[in-house]
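J.: Here are the chains, one letter per residue:
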Amino acid sequence: MPIDILMPALSPTMEEGKLAKWIKKEGDSVSAGDVIAEIETDKATMEVEAVDEGIIGKIVIAEGTENVKVNECIAILLEEGESKDAINDNDVPAPKAKKSKASKEDAAAAVSQSDASQPEGEEIKDRDILYAQGHVLPPEPFDEASFMADTVNQTVREALRDGMAEEMRRNGNVFLMGEEVAEYQGAYKVSQGLLEEFGPKRIIDTPITEHGFAGIGAGAAFRGLNPIVEFMTMNFAMQAIDHIINSAAKTLYMAGGQLGCPIVFRGPNGAAARVGAQHSQCYASWYGHIPGLKVVSPWNAADAKGLMKAAIRDPNPVLILENEIMYGQSFDVPTSEDFVLPIGRAKIEREGKDVTLVAYSIMVGKSLQAAEELAEMGIDAEVINLRTIRPIDRWTIIESVKKTNRIVSVEESWPFAGIGSEIAALVNEHAFDYLDAPVARVCAKDVPLPYAANLEKLAIPQVHDIIEAAKKVCYK
Amino acid sequence: MSSKKKNTAFKPTKKDLQKFYYDMLLIRRFEEKAGQLYGMGLIGGFCHLYIGQEAVVTGIQTAQLPQDSVITTYRDHAHMLACDMDPKGIMAELTGRIGGYSHGKGGSMHMFSRDKNFYGGHGIVGASTALGTGLAFSHQYKNDGGVCVAYMGDGSANQGQVAECYNMAALWKLPVLYVIENNKYGMGTSCARHAAGTLYKRGEGFGIPGEQVDGMDVLKVREAAEQALDYVRSGNGPYILEVMTYRYRGHSMSDPAKYRTKEELEEQKENDPIEKVKKLLMKEGVSEADLKKVDKDIREIVKEAAEFAQESPEPDESELWTDVLVAAQ
Ligand SMILES: Cc1ncc(C[n+]2csc(CCOP(=O)(O)OP(=O)(O)O)c2C)c(N)n1
Ligand SMILES: [Mg+2]
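Listed in order, the protein sequences are those of chains B and L. Residue 524 in this note's numbering sits at position 307 of the first sequence, with consecutive numbering throughout. Residue 94 in this note's numbering sits at position 23 of the second sequence, with consecutive numbering throughout.
Note that these hints are calculated values from the structure, not bench results. Note that beta-carbon positions come from the ideal geometry of N, C-alpha and C, so glycine has one too. Incorrect hints may have been included.
When the alpha-carbon atoms are kept at most 25 Å apart in a straight line, the in silico PhoX-like pairs for lysine-lysine are as follows [to be verified]:
#: 1; chain 1: B; residue 1: Lys301; chain 2: B; residue 2: Lys242
#: 2; chain 1: B; residue 1: Lys342; chain 2: B; residue 2: Lys275
#: 3; chain 1: B; residue 1: Lys241; chain 2: L; residue 2: Lys340
#: 4; chain 1: L; residue 1: Lys350; chain 2: L; residue 2: Lys329
#: 5; chain 1: L; residue 1: Lys90; chain 2: B; residue 2: Lys241
#: 6; chain 1: B; residue 1: Lys688; chain 2: B; residue 2: Lys620
#: 7; chain 1: B; residue 1: Lys260; chain 2: L; residue 2: Lys347
#: 8; chain 1: L; residue 1: Lys86; chain 2: L; residue 2: Lys347
#: 9; chain 1: L; residue 1: Lys333; chain 2: B; residue 2: Lys301
#: 10; chain 1: L; residue 1: Lys347; chain 2: L; residue 2: Lys90
#: 11; chain 1: B; residue 1: Lys301; chain 2: L; residue 2: Lys86
#: 12; chain 1: B; residue 1: Lys238; chain 2: L; residue 2: Lys340
#: 13; chain 1: B; residue 1: Lys418; chain 2: L; residue 2: Lys244
#: 14; chain 1: L; residue 1: Lys329; chain 2: B; residue 2: Lys235
#: 15; chain 1: B; residue 1: Lys241; chain 2: B; residue 2: Lys260
#: 16; chain 1: B; residue 1: Lys418; chain 2: L; residue 2: Lys213
#: 17; chain 1: L; residue 1: Lys329; chain 2: B; residue 2: Lys238
#: 18; chain 1: B; residue 1: Lys241; chain 2: L; residue 2: Lys367
#: 19; chain 1: B; residue 1: Lys260; chain 2: L; residue 2: Lys329
Every beta carbon over 12 Å from chain L, so not counted as near; a handful from chain B, in silico [said to hold, decoys possible]:
#: 20; residue: Ile222
#: 21; residue: Gly281
#: 22; residue: Asp360
#: 23; residue: Glu361
#: 24; residue: Asn452
#: 25; residue: Pro534
#: 26; residue: Glu589
#: 27; residue: Glu616
#: 28; residue: Ala642
#: 29; residue: Asn645
#: 30; residue: Asp653
Here are some, though not all, of the chain B residues that point toward chain L, as calculated from beta-carbon distances under 8 Å [as the list claims (entries may be wrong)]:
#: 31; residue: Gly298
#: 32; residue: Ser300
#: 33; residue: Leu354
#: 34; residue: Pro358
#: 35; residue: Phe430
#: 36; residue: Ile433
#: 37; residue: Gly434
#: 38; residue: Asp531
#: 39; residue: Asn622
With these hints in hand, go ahead and build the complete structure from the sequences.
T.: So, in structure tokens, the structure goes:
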């Protein structure tokens, strides 16, 4: 059968080009890989190579012809022993990409099916899909009160450590790596005692090479290990962000569900105290932006332990944005090893009816303080502790706004494209008719964080900033 | 435990030669077909062909054990074929169809097969080296006797994370074989213009041994790979093979390759790795007709793959939303 040689495209956007030159002529024999012609577009010249072997039976498009359409037949190749008579001049259609109706089963015969795929035509029940589509779903039920019956008073630091230790006892594939996590017992002493219990195979000091060890962690997770990668602070994770996003978050999707990356990246986030601009940044909206990641940000010690355990058990890459200033503060923490907080569920820390204050991490404490002072002014504020940044608990926020009709978002990030911007959009989309005042945002000032004590205080949201914003939306 | 590499020459049997010929020719014909489908507009975006470099992956893969893992860059079709992945599933991924390894959601640069120990398919230059070092970490952690073969290009060898990983791999004695496929160019920039010194020697400061190998000769690659894998598997830590090779085509399909001369390309083609094995086979008494038959069989496989890749439907629109997250138990 004669084979059509088609005008090739140099790029996916090329539609036509010039057939600049024929290198082979009619009657020449060619084998695969031989250059047979040259084509040109306004951008480039390229050689056309033969894919099959045979004899050039007929040149259909003469050299020098402009505007030859991609996929137009430019010549006809005869197989060995075939005569020129085999060419039927009426029979040179450009083959089109066939779109057959082969069933999914047939088509994917050789390829294993994805674990997490959504059956065609069925009603969507997968929460993650519904979330991605922007739906407001009630969070998974969780009886937190029952766990609070039996508690121990602990620092956030101890709670984080205990969360890791419990999960490491449970699952031999969990290990911790990072700078100073082992012998030094953690730059901020979060991993105190872990080396002693788990040994150097599972508590691993790394060199100061964030990009490299984040990639090593992601690669280890591809083969079923469950790494916890500690960044001394999240500021240094910018060197590793390529692996967090491109390697950890996107692989499951790029693999059609075949290969995931069950890894935890964690470390202190946001401003510490007086450490200057490069060491003081909140990354909640950076990571919150990325499909394929989960992002949690604990405030108190119970959050810290419950979210740590949830993050380690989760089969997806999870970021834990901790806070250095909170490390030393003590709270009651459930003693039960089954205390695992559901990711995606916020907590109402204080009920109120006049205004919603929605915050995460250290700003939850500041919002609770503001609520106390607001109460004295006769404003009853509800305080939501987000706990999870992504998937953010849309339901709890929206239900609260429906009740209070006013909302102030409080965060340590900068205002532009911050978590507050997202909350404003969310309320706009789902509770616009319930609002009695515009959404207010309390954020860091839009400047790099200054060192001077007075300026630093001005730059970071303070309790009185929250009070002012709440009063404003209450028109008081 | 051999801490020094032995210097035993690899003596191929006729069967070895037949396998090399088959594996390399399959890669070449597959890539030619991919180039053709690209030209027909059936493959989108980037498409990086491996033509000319076939001896590298063939020589190394045939020296591996089944438990070894493989990871590479975006120039990945050949590595998947060498890992025994199905040409149909690969080609259908190139055309963005449901029958592709990633159901059309990965594309030419992103395919994976846990069954075949192939871990991608990565588009960020340098990333596969760190991820491969992590795969090696998992082999060590699980003590499963596996080695990770982590491929990179000469251009990738300049990435900072490569040096970071050399350091950690050497420090922790991770079972990783780093393969630098030095095809003399990172896109349009020649090695002479992008790399100071000699690439395999960059391991020296970390105590990682390495060597340069003629990548246009599959027997030499195989010999070096056997010894290097033996060294790594024996618990000595990483090894670097810098395999000197050449890509006949442009960096990707839309590259007219104006940065090199026709003479340079022709000279390299004289040194073709497949032709070399063909000559050896003929010396072994294999007839021209037998070789033609192999070519015919391979063409048939590639043709079927191309047909499958065109007949397989595009993914259902519902696939847009799947595989973002694994549902938590
Ligand atoms: C971090 C990064 N920078 C730039 C690119 C764009 N890019 C893709 S391939 C390439 C050249 C790489 O050359 P080399 O490592 O020698 O591999 P080869 O293409 O020759 O196989 C570049 C610059 C990229 N993908 N990732
Ligand atoms: Mg290169």
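J.: Which of the listed hints are broken here?
T.: 2, 4, 5, 7, 9, 11, 20, 25, 31, 32, 33, 34 and 39
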